[in-house]
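*Asks:* Top line first, the protein sequences correspond to chains A and B. Each residue of the first sequence is one higher than the last, beginning at 1 in the UniProt record's numbering. Each residue of the second sequence is one higher than the last, beginning at 1 in the UniProt record's numbering.
Think of the hints as simulated: they come from the structure by calculation, not from any bench. One or more of the hints may lead you astray.
Stated by the list, open to error - Partial chain A-side listing against chain B, Cβ under 10 Å, derived:
id : residue
1  : TYR10
2  : ILE19
3  : ASP24
4  : ARG74
5  : HIS94
6  : THR103
7  : LEU113
8  : ALA115
What the hints assert, rightly or not - A few chain B residues that don't get close to chain A, going by computed Cβ distances all over 12 Å:
id : residue
9  : ASP4
10 : TYR10
11 : ALA12
12 : ASN34
13 : GLU36
14 : VAL38
15 : ARG46
16 : ARG54
17 : ALA56
18 : PHE57
19 : GLY61
20 : GLU62
21 : THR63
22 : VAL67
23 : ARG69
24 : ALA118
What the hints assert, rightly or not - Facing chain B, a subset of chain A residues (Cβ under 8 Å, in silico):
id : residue
25 : GLY25
26 : MET30
27 : TRP32
28 : GLU36
29 : LEU42
30 : CYS81
31 : ASP87
32 : ALA104
33 : VAL105
34 : MET114
35 : VAL117
All residues carry an ideal CB built from backbone N, CA and C; glycine is no exception.
2 protein chains.
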Amino acid sequence: MAFDPASLCYDAQGLIPAIAQAEDGQVLMMAWMNAEAVARTLQTGRVTYWSRSRQAFWVKGETSGHVQRLVDFRVDCDRDCLLLVVDQRGPACHTNRQSCFFTAVRDGAEVELMAPVAG
Amino acid sequence: MAFDPASLCYDAQGLIPAIAQAEDGQVLMMAWMNAEAVARTLQTGRVTYWSRSRQAFWVKGETSGHVQRLVDFRVDCDRDCLLLVVDQRGPACHTNRQSCFFTAVRDGAEVELMAPVAG
Numbered sequence: 001m002a003f004d005p006a007s008l009c010y011d012a013q014g015l016i017p018a019i020a021q022a023e024d025g026q027v028l029m030m031a032w033m034n035a036e037a038v039a040r041t042l043q044t045g046r047v048t049y050w051s052r053s054r055q056a057f058w059v060k061g062e063t064s065g066h067v068q069r070l071v072d073f074r075v076d077c078d079r080d081c082l083l084l085v086v087d088q089r090g091p092a093c094h095t096n097r098q099s100c101f102f103t104a105v106r107d108g109a110e111v112e113l114m115a116p117v118a119g
Numbered sequence: 001m002a003f004d005p006a007s008l009c010y011d012a013q014g015l016i017p018a019i020a021q022a023e024d025g026q027v028l029m030m031a032w033m034n035a036e037a038v039a040r041t042l043q044t045g046r047v048t049y050w051s052r053s054r055q056a057f058w059v060k061g062e063t064s065g066h067v068q069r070l071v072d073f074r075v076d077c078d079r080d081c082l083l084l085v086v087d088q089r090g091p092a093c094h095t096n097r098q099s100c101f102f103t104a105v106r107d108g109a110e111v112e113l114m115a116p117v118a119g
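This is chain A alone, in the form it adopts within the complex:
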């Protein structure tokens, strides 16, 4: 079946959450896309989000160089969430850590799981 970005279920702001996962299984980040960002990501193979704070397209890595190349694009059963398997150049997180999910809650306390990448 041909895929149409308009067939996805967007929220009231026209956005759908997109989870980025590295090929080794590490979940890197979650951000948002609109239909045009979905189309651009599929067309270009460069993962492109919609920045809610800047209200603008956000080609991941455009300023940092920490580009995400699309490896596989997946849709969930309700068509209201995306899972992007990506080839991540450099750290995915703006704090310079590999993943944005670097904090765990264990025994009621917050624990830092990874340090910023040197460089």
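Since the structure of chain A is provided, determine the placement of chain B on it from the hints.
*Replies:* Then chain B, alone, in the frame of chain A:
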């Protein structure tokens, strides 16, 4: 640092997205939590979402038996998304597939990656 569910960033509906990932790295599903669901998940070790359609707590597996036991609870850099590492009993998806992300978009077409679990 002690963890307080109120320290997370919830949306206008008081919800935060929560990604469930199996210990082998497979991303299973994404659903939503409110602060009380976060607290219950940490207290009980049974992953508890907030169902937006039913407007009620949703203890995953309560009716299906496909329980998620919490293995690790992670928070992202912006504190507006959760990553739950879980021990998933049975398929995570209501379609009886292991993961909700069973559809890929490849060369412009939708491809089914996994079949429902027999049972």
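*Asks:* Can you give the numbers of the hints that this structure goes against, from lowest to highest?
*Replies:* 1, 8, 9, 11, 14, 27, 28, 31, 34, 35
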